[in-house]
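Number of protein chains: 2
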Amino acid sequence: MPKHGISPTRKEDYPEWYQQVVRSGELAEASPVRGCMVIKPHGFAIWELMQGILDGMFKSTGHKNAYFPLFIPLSYLEQEAKHVEGFAKECAVVTHHRLELDADGRLVPKGKLEEPLVVRPTSETIIGAMYAKWIQSWRDLPVLINQWANVVRWEMRPRVFLRTAEFLWQEGHTAHATEEEAIQETLQMLDIYATFAERDLAIPVWKGPKPSSERFPGAVETYSIEAMMQDGKALQAGTSHFLGQNFAKAQNITFTDKTSKEAFCWTTSWGVSTRLIGGLIMTHADDDGLVLPPRVAPEQIVLLPIYRSDEDQSAVLDCCHNLKEQLEQSQWRNENIRVKVDDRDMRGGDKVWQHIKQGIPIRVEIGPRDLAAGTVCISRRDEPPKQKLTMPLLDFPKKAADLLESIQSNVLKKAVDFRESHSSTIDKKAEVSEFFDSKEDAGGFAYVHVADDPAVAEALDPLKVTVRCTPMDWPEEPGKCLYTGKSVHRRSVISRSY
Amino acid sequence: MPKHGISPTRKEDYPEWYQQVVRSGELAEASPVRGCMVIKPHGFAIWELMQGILDGMFKSTGHKNAYFPLFIPLSYLEQEAKHVEGFAKECAVVTHHRLELDADGRLVPKGKLEEPLVVRPTSETIIGAMYAKWIQSWRDLPVLINQWANVVRWEMRPRVFLRTAEFLWQEGHTAHATEEEAIQETLQMLDIYATFAERDLAIPVWKGPKPSSERFPGAVETYSIEAMMQDGKALQAGTSHFLGQNFAKAQNITFTDKTSKEAFCWTTSWGVSTRLIGGLIMTHADDDGLVLPPRVAPEQIVLLPIYRSDEDQSAVLDCCHNLKEQLEQSQWRNENIRVKVDDRDMRGGDKVWQHIKQGIPIRVEIGPRDLAAGTVCISRRDEPPKQKLTMPLLDFPKKAADLLESIQSNVLKKAVDFRESHSSTIDKKAEVSEFFDSKEDAGGFAYVHVADDPAVAEALDPLKVTVRCTPMDWPEEPGKCLYTGKSVHRRSVISRSY
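Protein chains in written order, with the numbering used here: chain A, 1 to 498; chain B, 499 to 996.
If you are wondering where the hints come from, they were derived from the structure by calculation, not from laboratory data.
Idealized CB from N, CA, C, for every residue including glycine.
Among the clues, some could well be false.
[Claimed, not checked] In silico DSSO-like cross-links for lysine-lysine, where the CA-CA straight-line distance does not exceed 30 Å: (1) B:Lys759 / A:Lys133; (2) B:Lys838 / A:Lys89; (3) A:Lys340 / B:Lys557; (4) B:Lys886 / B:Lys896; (5) A:Lys324 / A:Lys261; (6) A:Lys59 / B:Lys610; (7) B:Lys562 / A:Lys133; (8) A:Lys89 / A:Lys110; (9) B:Lys886 / B:Lys897; (10) B:Lys984 / B:Lys911; (11) B:Lys927 / B:Lys886; (12) A:Lys398 / B:Lys557.
[As the list claims (entries may be wrong)] Residues of chain A placed beyond 10 Å of chain B at every Cβ, according to the derived structure: (13) Val38; (14) Lys89; (15) Asn150; (16) Arg157; (17) Glu179; (18) Lys413; (19) Asp452.
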């Protein structure tokens, strides 16, 4: 039986496998604060790379970053009726602004606030209040602002990266003069998320509107990107909301149009979060641990010097550092290649396994024999640990970019293949039940005709399945809803989900 | 009388001038949440530039970023005795984790927490708790981690950027095997802050240890950089703390050394915050508004097309966009020059004043006459608004980097000169009183001999003056403390402060 880096394997215990990949990949861990995670340096470096790419995409489409308060007065949450229902349940509430030591030396809350404050679960209301002040005339529009921030939603069953009380995200909030422009913005941001997921994270996604029952509280339409995890469940990996004039009316965000008439703005909001790291893990990691698409790998190549004698040591280290320098001057996808020499004094096997578990795309071992032969011994993280490729040392810097590209496209292909082999186009109710019942895992995606109707959610509920989205890129294919008989134009994705 | 962009002027009403510079520069504004500011896109872009430079300096000295929870259990704050005294007073306390709608449709806090949580005012305790878990052996050391985060300290007299309930900062937290190494780290980070302040923000600073009465709660030694604002007051612009083994002992952060003995770690922490934006304003801004050192100017050059006819418009805009492209390909200080074409349809005078108030280093007006003559008309923000420099259009892209360098060094020189002319080396008690009493403004810096003794703080208190730091770069100059007669080796900086 082959030895695996991670125990249990995906097949043995998927949820526990996930926790072990996170732990052994040194990505994050639970904190002493219930439901809040600590994102460790390796995990945070992945997030920084994601931020860098997304931030560039936001800015090149005209968005600017700003920062709004962490706290929201209770009365603000009350403004939009559906919004308050959706978010009221799970908030951290600040009620005091001072601590005092009591006679026993314990700290006790003092200074009760007149109006309690909520730690933002999302910022539509506080940002909307500012937009109401800032926007006067059509000349002030559009307002295109993004915020990178922490948010808090109290979670009863936290799970690192996927569902934590505090998480990091970006939230874009825009205001427009016309409905059309706001819808265009909503869809543009959805496209950016889909491009980023597939091109950079190598996570294939279906993008489209969600059924009304799954909408963001207060939105007119919620679009999402949906990815399939290796247990067959869907992960909603990003959302873009067309808010219509709902928030504008609740918060009085108005402008004077070109004809001097006062009108309500049309607004949008859109976000992705550190949940994407969970998606990355559950899309690519294997039974040896994390597998990183090179594009979001903090180190794309690790050089591992191997030596016994002092003499060998200096020659091997010299070679590694020279190679590092050459590699760092090469580019892949318009960025300098990220290389690390790991010359820590520890057992070679442990060191290699650490890099495997951290998902580093390329490991290069260099020892005295390689020096003598003028070769390097290369292992790709997307291939089995023992599989090695030997190439002339001199060729490697020239070929490194191609290797990274090959790994990036290979992990995407694997993910696409996995989704294909766990998806089924279904036209009968009974087959839907069978699809989700017969499997050991969560099943996968069923592509079916369903109407946007409460009856559908009700029918799917016993299967623990929901409508994820109705992909927009698919060709139109009229049909009858399996559960209501209503005519619909396209198939939707239904599945279990996180 | 000359017209000014900002009313009142510095001389008329310094605190109100500051508020008006912030407002008219579109940097930030008060939010509906007491004491919390909204950082607007222009202000936030300055912060992003600061972050980028500092983050690079941190990483190139071996630090990694991570992220720790926003919340700290009350019991953690109680662990270090001095720390709890220092921070207990001004915290936001989370006591509930749910909201429910009552019969009147109002939200009320529910779900009382067993142990209240504090919104982090700083993270020594929560990060220390993780370090205690992570650090086992000398092989795990040093731990060099930084966090970019929001923190909350309830402020009774908030002032935008300088003192707000919530602010953004970075906090570095490191753990070391030896005292010497931890002290070295503390001083290294102090140096990084001083370099950043002078080289990038063009803010001259004095750096050195603070008197014990001004130490961070729980620190063995606190070092700071101190800058002089244009009202003569000091701004503590960054701090670096040597924490000794105080936190390690309180939190049991231990390691096994090379001889297999268990020992406590030596720790440090260091931080700068969005307060630096306040420092930037109060160092460089003038009676026309913000003045940005080019290094942290989101746009370093703004191109202003001027035209009346449609024909002129297309020729002028073409010229602007060509020029932008050329400029963006030039570099200054290893970065592409940041250029914007402002072709908004608004009154030219208003437009120019907006850029003046936002502190854009170089404005370039381009109209049909310039096109015909093949020239551009350049205004530097560090010179009076009406002063203009004409140069051949073709020369400008080649000279832009020099111009930016010249502005950068000129604003630094102005700040150094200001500090010089508002500082005095004083050796008599009576002269100290006179120095701080006789001025219309806050006086400035007095360089004096004072001991690290409570008697000094007491003697200076009626003058509203404190000891800011004892600059380490100054030559030794033994003398007697003006207030205690004790022998000291160096002069210290005393002044009023923010």
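Subject >> Hint consistency between lysine 89 (chain A) and lysine 110 (chain A) [alpha-carbon to alpha-carbon, up to 30 Å] >> reply: holds, 25 Å
Original post:
Does the alpha-carbon distance linking lysine 759 (chain B) and lysine 133 (chain A) stay inside the 30 Å limit?
Top reply: At roughly 63 Å apart (the allowed maximum being 30 Å), lysine 133 (chain A) and lysine 759 (chain B) break the hint.
Subject >> Claimed clearance of chain B by aspartate 452 (chain A), with the beta carbon kept past 10 Å >> reply: The claim stands: aspartate 452 (chain A) keeps its Cβ more than 10 Å from every Cβ of chain B (closest is about 27 Å).
**OP:** Mind verifying the non-interface call on valine 38 (chain A)? Its CB should be farther than 10 Å from each CB in chain B.
**Re:** Non-interface label on valine 38 (chain A) violated, nearest chain B Cβ at 5 Å vs cutoff 10 Å.
Original post:
Do the alpha carbons of lysine 59 (chain A) and lysine 610 (chain B) lie within 30 Å of each other, as the hint requires?
Top reply: With Cα atoms ~42 Å apart, lysine 59 (chain A) and lysine 610 (chain B) exceed 30 Å; violated.
Original post:
Keeping to a limit of 30 Å between CA atoms, is the pair of lysine 886 (chain B) and lysine 896 (chain B) held or broken?
Top reply: OK: lysine 886 (chain B) and lysine 896 (chain B) at ~18 Å, within 30 Å.
Subject >> Given as non-interface: lysine 89 (chain A), which should sit over 10 Å from chain B by C-beta >> reply: violated, 6 Å
Subject >> lysine 562 (chain B) paired with lysine 133 (chain A) [C-alpha distance capped at 30 Å] >> reply: Violated, at about 39 Å.
**OP:** Compare the distance between the alpha carbons of lysine 340 (chain A) and lysine 557 (chain B) with 30 Å, and conclude whether the hinted pair is satisfied.
**Re:** holds, 14 Å
Subject >> Distance restraint between lysine 927 (chain B) and lysine 886 (chain B), which requires alpha-carbon spacing of 30 Å or less >> reply: violated, 48 Å
Original post:
Within 30 Å, alpha carbon to alpha carbon, are lysine 886 (chain B) and lysine 897 (chain B)?
Top reply: holds, 15 Å
Original post:
Taking only the CA atoms, is the gap from lysine 984 (chain B) to lysine 911 (chain B) under or equal to 30 Å?
Top reply: violated, 36 Å
Checked against the numbered hints given earlier, the structure breaks hints 1, 2, 5, 6, 7, 10, 11, 13, 14 and 15 and satisfies all the rest.
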